[in-house]
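Okay, here's what each chain looks like letter by letter:
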Amino acid sequence: MNDLRRDINEVFAKQQGQLGDVAGAGNRMLRSATAGRRINRQLWSSVAGVALVLVAALAIGVSVVIRQMHPQKVVTSHPSPTPIATPMSQALPVPSTTPVILFRDPLNDQQLDGSAWDGTAKGRVAVSPELGSGFRQNPAGTLYQWVGGISDRTGAVVAASATGFKGFGTWADDGQHYCSMVSKSALPPAGGEPATLQLTAVGQAPKNVAQVGRMFDQAGTSVASCSIEKDRAVVTQLSSLGSAVQFWVVQLSTGRILWTRQSGDIRTSRDGQYIAEISYNQSTGRSDTTIYSPTGAVLGHPTGWVQAFSWDGSLAVMGNYGERVSVVRWRDGTVIWSGPSDGGYIDAMPEPEGQRIAVSVSDPQHPQTGGFPPRNVYVVGPDGKAIRLLTDVE
Amino acid sequence: MSLTVDEPLRLRAIAGDEAAFEALVRPLIEPGLRLAFSMLGDRRDAEDATQEALTRAWRKLHQLRPGMPVRPWFFAIVANQCRNVRRTPWFRLTSLIEVAGRPPSQEPEVEHLDLERAMQRLPLADRGALFLHFYLDLPIEEVAATLGVSPAAAKSRIYRACHRLRPAVALEELG
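Line by line, the protein sequences are chains A and B. Quick note: the numbering used here has the first sequence finishing at residue 394, numbered continuously throughout. Quick note: the numbering used here has the second sequence finishing at residue 175, numbered continuously throughout.
None of these hints come from the bench; they were simulated from the model. Note that the structure is a prediction, hence the values are computed from the model and not measured. Note that CB positions come from ideal geometry on N, CA and C, so glycine has one too. It is possible that some hints are incorrect.
Facing chain A, from chain B, some residues (calculated, C-beta under 10 Å) [claimed, not checked]:
(1) T55
(2) R56
(3) H133
(4) P139
(5) E142
Label pairs and their calculated CB-CB ranges [claimed, not checked]:
(6) N9(A) x E141(B): 50 to 58 Å
(7) R43(B) x D312(A): 53 to 61 Å
(8) D312(A) x R44(B): 31 to 39 Å
(9) T254(A) x E30(B): 41 to 49 Å
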C-alpha cells in the first residue's frame, strides 16, 4: 500500500508540476470573487445576517435550488411532478394569488421558478444574475425579497427593500408587510446599542413599533414571527452563535410588550400564537420542547425538538437537524407522518391559509457534493398523506 | 491549520468583511486550485473552477454554519464546480481535442505511464478522493466531508480506487 501511495503521489506530483507557478493566482481570484458582492454589500450583509439567524424560518422557498426532479418514490397516490431536463421556459401557469413555493431553477441558478403546493403546476418566475445571492418569499410566494428589491411574480420590482443595517427581517403573515430589527449604526459600538422593531408595508415608509433588545457587533436581534392578523411580533435576542437567549412578544399596533422570557432557542408559529422553547437535557441527551401561548401559559411539552408549525399551529414538525423528522399533532402527540428513515431534517414551511406543511430532508442518495446540502421536499397533509414535491434540491 | 472556523471571523466574513473572508480562504486557494487541476487536468479550467468556487463561497458564506470546518466546505465547492465543468459539452469537446493533440511523453516510465493512464480512467470523485487523502494528506473524515459522504464511504471509495489501480491492495492496508 505504501508503494502504491508513493506511486500515486508521484503521478500527482508530476501532474501538478504542469500547473506551474500559482503564487499570484490567489490575489487575483480573491479580488474577482469579492467584487460582485461588494456592489451590494450593505444589502447583502443584511440578507446574509438574517439568513444566519433565521435558519428554520420560512426557508424552503427562499433558498432551494432544484437540481433535479424525479417523479418516482412518491409516497402516496398523489400525481407525481413532471421531470425536467432543461431550465423551465414556460411562465408559472397559475393565477398571481395562488400560493406557490419558489425555488431556483436546477439548470440555471439565476432563474427563479415556482411550484404549486400540489405539484401540478410549475414554471418560470424571473431571471436575474442577482438571484444567485438568495431570495426570501412571502408566505404565498406572491412577492419575494432579493438584493434587487421586492418583486412580484412577473419579476417586476415593486419596492426597494433596504430597511436598515441589520436586514430585511421577516415577512408578516399577510404577505404585504414585513417586520425588521434595525439599529442606528452599521457596526454597533462596544456594549451594543438599542434595536428597534419596524413594521413596513411593501412600498411604504417603515413605522417604528418599539425598542426591543440590543444590537451588537457580533450578535443582535431578530424577528421570529410577525403577524398582522394577530397584531403581534415575536422578537428574539440572539447570541453570537445565532441561538435565542431571550424573546419578547410585542403588540404591533401599540408597541406594548405582552410578555418576555429569557429562553433557549425558540420556534414560533407564523402568527406568534405558539412559541416553542427548546431545551437540551444533558442527563438524557435529549431535546425537549415547551410550548407557550403569547401570554406565557404553558400549552404542552412535546418530547423532542419542535422545528416549525403548520399555518394554524396544530401540527408541529419535529426532529433535530440531520435526524429523522416527523409531523406531529403536538397537543395529543399523534405522529401523522414520519420522514424517510435515512433522511435528516433540514427545514420546513407552512402552507399559507392551508393545512399542509412542506418539509425538506437530506437524501443519502444525493450526498452533499458542494457547499450546500441537497434535499428532498415533501408536502405533508393534515391526514398524514405526503407527496415528494421536489427531489435533490439545494 | 485549524479546521473549525474561528467564530468571530466567520461572522465578520458573513457580514461582508472581505479581510475576514480572505483570512478564512486564502490558505485554501492554492490547494483548491491543485485539487481542481487534479480533477480537470487543465490549468485554465482549474483556475476557472477555483475562481467560481471562491465566488460561490463568498456569496454563500452564510451557509458555513457555526462549527463547520472551512477546508472541506471550500474543497467541496471546488469539487462540485469541477463536476459542473466536466458536465458541460464544451469541456468534453476541448478535452478531446487536447488529448488528441497532446504529444507523446518523452521516454515514459512504463509502470508509471500505466498508473497515470489508470488514474485518468478513474471516476472523477475517486480521483479526487485519492488526491485529497494521498497528495493533500487530508484525514478520511475531511475527505468524507469534502465528498459529502460518510467516512466509511470515503474509505471505501479510496480503497476501490486503489484496487482498480493495483488489484492486490487489501482493505486493511488503507490508513
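Going through the hints against the structure:
1. Because the beta carbon of T55(B) sits about 4 Å from the nearest beta carbon in chain A, less than 10 Å, this interface hint is met.
2. Annotation: interface hint on R56(B) holds; nearest CB of chain A at approximately 7 Å, less than 10 Å.
3. For H133(B), the interface hint holds, the least distance from its beta-carbon to any beta-carbon of chain A being 9 Å, beneath 10 Å.
4. At about 14 Å, the closest approach between the beta carbon of P139(B) and any beta carbon in chain A exceeds 10 Å, and the interface hint on this residue is violated.
5. Here the hint on E142(B) is broken, as its CB sits about 14 Å from the closest CB of chain A, past 10 Å.
6. A C-beta distance of roughly 20 Å is found between N9(A) and E141(B), which places it outside the suggested range of 50 to 58 Å.
7. Taking the beta carbon of each, R43(B) and D312(A) are about 58 Å apart, inside 53 to 61 Å as hinted.
8. Distance hint for D312(A) and R44(B): a CB-CB separation of about 56 Å, inconsistent with the stated range 31 to 39 Å.
9. For the pair T254(A) and E30(B), the beta carbons lie near 58 Å from each other, so the given range of 41 to 49 Å is not met.
Checked against the numbered hints given earlier, the structure breaks hints 4, 5, 6, 8, 9 and satisfies all the rest.
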